[in-house]
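So the sequence lines, in the order shown, correspond to chains A and B. Start counting at 1 in the first sequence, then tack on 1185, and there's your number in my numbering. Start counting at 1 in the second sequence, then tack on 3, and there's your number in my numbering.
Honestly, I wouldn't trust all of these hints.
With the C-beta cut set under 8 Å, the calculated list includes, among others, these residues of chain A facing chain B [said to hold, decoys possible]:
id, residue
1, Leu1228
2, Phe1275
3, Asn1285
4, Pro1287
5, Leu1288
6, Gly1291
The calculated lysine-lysine pairs, modelled on DSBU-like cross-linking and capped at a C-alpha distance of 30 Å, are [to be verified]:
id, chain 1, residue 1, chain 2, residue 2
7, A, Lys1242, B, Lys72
8, A, Lys1242, B, Lys6
9, A, Lys1256, A, Lys1203
10, A, Lys1242, A, Lys1203
11, B, Lys72, B, Lys103
12, A, Lys1242, A, Lys1202
13, A, Lys1202, A, Lys1254
14, B, Lys103, A, Lys1250
15, B, Lys72, B, Lys55
16, B, Lys103, A, Lys1242
17, A, Lys1256, A, Lys1242
18, B, Lys57, B, Lys72
19, A, Lys1254, A, Lys1242
20, A, Lys1250, B, Lys6
21, B, Lys57, B, Lys6
With beta-carbon atoms standing in for the labels, derived distance ranges [stated by the list, open to error]:
id, chain 1, residue 1, chain 2, residue 2, range
22, B, Asn33, A, Lys1202, 39 to 45 Å
23, A, Phe1280, B, Asn29, 23 to 29 Å
24, A, Val1237, B, Ser12, 37 to 43 Å
25, B, Lys72, A, Thr1299, 44 to 50 Å
Keep in mind that the hints were calculated from the coordinates and are not lab data. The beta carbon of each residue, even a glycine, is placed where N, CA and C say it ideally should be.
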Amino acid sequence: EAQVTQNPRYLITVTGKKLTVTCSQNMNHEYMSWYRQDPGLGLRQIYYSMNVEVTDKGDVPEGYKVSRKEKRNFPLILESPSPNQTSLYFCASSFMDRGNSPLHFGNGTRLTVT
Amino acid sequence: LAKTTQPISMDSYEGQEVNITCSHNNIATNDYITWYQQFPSQGPRFIIQGYKTKVTNEVASLFIPADRKSSTLSLPRVSLSDTAVYYCLASGNTPLVFGKGTRLSVIA
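With the rest of the complex left out, here is chain A (with noise of 0.2 Å):
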């Protein structure tokens, strides 16, 4: 089944505690990305990478990183997490070769930082 699966699903974490947060795609997309939701504000997009090696900044990169080291991957690491970190968490990934590749999303990770 093609998908994109995020682990783990929910986090609880403390301040400064360094985590990751998987994500994994078996649909041999090019692009990948990750997006932090929260109330009110919609989808924000902190990182994406349109392919293996090439990341690049979202609208809201500070405080994370973020790594392409194979295809089918694009972890998402957060250093020193704080408490404006806590959010809900998705990933998703596409084609690249043509503009009208629909996105798929992971069911998302639950972050709480406290």
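Since the structure of chain A is provided, determine the placement of chain B on it from the hints.
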């Protein structure tokens, strides 16, 4: 990347047709118009996409006028399960940026 503007919220009764309009005045020649649906605590899901005129699938219709500066998502005979947030994107290239969407509430 064209900025889109949608109504913040809409209400509808079950069985009615719902039309959600999206404005994208600065749409580029190679931009497509794509609509997504999102239920609470789930990732957005692709509904429909078009470039011009009219597109129809089993879920919805998308109407795009000749100037392409706006588009209308049409949901026929909505049910309670159509209560969700609907996002319109006008984009031909990355990054793909979402607005705040339209919160549709379907009332019995």
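Quick rundown of the hints versus the structure:
A distance limit of 8 Å between C-beta atoms decides the matter here; for A:Leu1228 the minimum to chain B is near 4 Å, and the interface restraint holds. Annotation: A:Phe1275 was flagged as interfacial toward chain B, and the flag holds, the nearest CB pair being 5 Å apart, inside 8 Å. With its C-beta approaching chain B no nearer than about 4 Å, A:Asn1285 sits inside the 8 Å limit, and its interface hint holds. With its C-beta approaching chain B no nearer than about 4 Å, A:Pro1287 sits inside the 8 Å limit, and its interface hint holds.
For the restraint placing A:Leu1288 at the interface with chain B, the shortest Cβ-Cβ distance is roughly 6 Å, inside the 8 Å limit, so the hint holds. Contact between A:Gly1291 and chain B, as hinted, is supported at the beta carbon level, the nearest pair being about 6 Å apart and thus within 8 Å. At most 30 Å may separate the alpha-carbon atoms for a hinted pair to count; A:Lys1242 and B:Lys72 meet this at roughly 28 Å. About 18 Å separates the Cα atoms of A:Lys1242 and B:Lys6, which keeps this hinted pair within 30 Å; it holds.
Using a Cα cut-off of 30 Å, the hinted pair A:Lys1256 and A:Lys1203 holds, with the two alpha carbons roughly 24 Å apart. For the proposed pair A:Lys1242 and A:Lys1203, the alpha carbon gap of about 20 Å is at most 30 Å, so the pair holds. Of the supplied pair hints, the one linking B:Lys72 and B:Lys103 holds, its CA atoms being roughly 19 Å apart against a limit of 30 Å. Taken as a hint, the A:Lys1242 and A:Lys1202 pair is honoured in the structure, with Cα atoms around 23 Å apart against an allowance of 30 Å.
Among the hinted pairs, A:Lys1202 with A:Lys1254 is consistent with the structure: their alpha-carbon atoms are about 23 Å apart, no more than 30 Å. As the CA atoms of B:Lys103 and A:Lys1250 are separated by approximately 24 Å, the hinted pair is consistent with the 30 Å bound. As the CA atoms of B:Lys72 and B:Lys55 are separated by approximately 10 Å, the hinted pair is consistent with the 30 Å bound. For a cut-off of 30 Å, the pair hint linking B:Lys103 to A:Lys1242 stands: about 20 Å separates their Cα positions.
Between A:Lys1256 and A:Lys1242 the alpha-carbon distance is near 18 Å, which keeps this suggested pair within the 30 Å criterion. At roughly 14 Å between alpha-carbon atoms, B:Lys57 and B:Lys72 fall within 30 Å of each other, so this suggested pair holds. Our distance criterion of 30 Å between C-alpha atoms is met by A:Lys1254 and A:Lys1242, whose separation comes to about 17 Å. As the CA atoms of A:Lys1250 and B:Lys6 are separated by approximately 26 Å, the hinted pair is consistent with the 30 Å bound.
The straight-line distance between the Cα atoms of B:Lys57 and B:Lys6 is roughly 21 Å, inside the 30 Å bound, and the hint therefore holds. In this structure the supplied range 39 to 45 Å holds for B:Asn33 paired with A:Lys1202, their Cβ-Cβ distance being about 44 Å. Judged by the Cβ atoms, the range 23 to 29 Å given for A:Phe1280 and B:Asn29 holds: they are separated by roughly 25 Å. At about 41 Å, the beta-carbon gap between A:Val1237 and B:Ser12 stays in the expected band of 37 to 43 Å.
For B:Lys72 and A:Thr1299, the hinted distance range of 44 to 50 Å is satisfied, since their beta carbons lie about 46 Å from each other.
Checked against the numbered hints above, the structure violates none of them.
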